[in-house]
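Colleague: With chain A held as given, fit chain B onto it using these hints.
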Amino acid sequence: MKCRICRQGAVIEVRRHNAAFCRSHFVEHIHRQVERTIHDHGMFSPTDRLLLGVSGGKDSLALWAILTTLGYAVDGVYLHLGIGDYSSESLELTQRFAEGRGLTLRVVDLPEEQGFGVPEAARAGRRSPCSACGLSKRYLLNKAADDLGYDVLVMGHNLDDEAATLFANVLGWQTEYLARQRPVLPATEGGLARKVKPLIRVAERETAAYAILQGIDYEVEECPMAGGNTINRYKKWLDTLEEESPGLKTRFLTGFFERGQASFATMAPPELRSCEVCGQPTTGEVCAFCHLRRVTLEIVAR
Amino acid sequence: MKVILRQPRREVEVNGVNSVRKLLDRMGIVGESVLVIRGDELLTPDAVLKEEDVVELRPVISGG
Chain A
1 MKCRICRQGA VIEVRRHNAA FCRSHFVEHI HRQVERTIHD HGMFSPTDRL
51 LLGVSGGKDS LALWAILTTL GYAVDGVYLH LGIGDYSSES LELTQRFAEG
101 RGLTLRVVDL PEEQGFGVPE AARAGRRSPC SACGLSKRYL LNKAADDLGY
151 DVLVMGHNLD DEAATLFANV LGWQTEYLAR QRPVLPATEG GLARKVKPLI
201 RVAERETAAY AILQGIDYEV EECPMAGGNT INRYKKWLDT LEEESPGLKT
251 RFLTGFFERG QASFATMAPP ELRSCEVCGQ PTTGEVCAFC HLRRVTLEIV
301 AR
Chain B
1001 MKVILRQPRR EVEVNGVNSV RKLLDRMGIV GESVLVIRGD ELLTPDAVLK
1051 EEDVVELRPV ISGG
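Going line by line, the protein sequences match chains A and B. If you use this note's numbering, the first sequence corresponds to residues 1 to 302, in order. If you use this note's numbering, the second sequence corresponds to residues 1001 to 1064, in order.
It cannot be assumed that every hint is accurate.
What the hints assert, rightly or not - To give a feel for the contact side, a few chain A residues facing chain B, derived at Cβ under 10 Å:
#1 F26
#2 Q33
#3 R36
#4 R205
#5 A208
Derived by calculation from the structure, the hints in this document are not laboratory data. Heads up, the beta-carbon is just placed ideally off N, CA and C, and yes, glycines get one too.
Just chain A, with the same shape it has in the complex:
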């Protein structure tokens, strides 16, 4: 296969663009896709204080490298979720990445700061591990951006993540979630940080390829608690459809953003108030995270 641009040997085929690229033109292609996404959705400007959620995986580390190359100053925040060796290894990979590039990394240690990790929360609550983890991550990332005074919370969700989430939300007709699934979620007066997803045009396969081609050492193994995860199952189904019909995932997601999402966004957003325990935004009296913490700590103490 030849690179679409220079006709040299290609290193990756991107079937949905009906193209193949050599290393340097693929890297350029990815930078262009991300820059376009930031621009088209008015995500942020070079003067904004940006905080990126980093996990040690390919998406967040690749995005950190891409944004830095594009000239944005971005700090990272790693959430140590207490998932044994997996969390420690991921932290080590993230620290090595940040140190090697002279980037600022902040670490929030869930067990140290709150007295429990995701495994304990999953056992204590009636939630799946991924649900307890997602809830904890959303809470801790928003709190970190709020406490540390950042303007924008940047997330590494890629095209596949968003397409699989959309698929799940449509299968269950989760209209409240569909109303909130957007490339940019504006900040709210109640204390939710502005949240943006610059990788929504880049497929999971492409962020992995970018990381490998740029020599980024990332966590290749799956989270040991994510076995049977619904979103990963939907991703595999979508990949099977994509294999038969290249571009399907992009059409599904961009079609939703351009034509479908507005119908759901007209629903009035839930009213937010301050959690009575921690002060973070919530729809009830006590936020879901504080409830999870109370239940988990009770069980841990037994």
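Modeller: Chain B in isolation, oriented as in the chain A frame:
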């Protein structure tokens, strides 16, 4: 050739295939779901493989 699989990491021996496309077909793996790596290079589906090659099939879904 030696084929390295991940999640978890393990190795299998595959013989009698001479291209990436044929290797994926033999293993029953959807091309969209993996990257094929030899040394420090990524391989496209038409890349020629030799019996002495060591090839990694790295799932693109990882992390959490």
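Colleague: Each hint should be assessed against the structure and marked as holding or not.
Modeller: Hints versus structure:
The criterion of a C-beta within 10 Å of any C-beta in chain B is met by A/F26, whose closest approach is roughly 9 Å, and the hint holds. Evaluation of the A/Q33 hint against chain B yields a violated restraint, the C-beta minimum of about 16 Å exceeding 10 Å. The beta carbon of A/R36 comes no nearer than 22 Å to any beta carbon in chain B, farther than 10 Å, and the hint placing it at the interface is violated. For A/R205, the interface hint holds, since its Cβ comes within 10 Å of a Cβ in chain B; the closest pair sits about 4 Å apart.
Checking A/A208 against chain B by beta carbon gives a least distance of about 5 Å; that is within 10 Å, so the hint holds.
In this structure, the hints that do not hold are numbers 2 and 3, in rising order.
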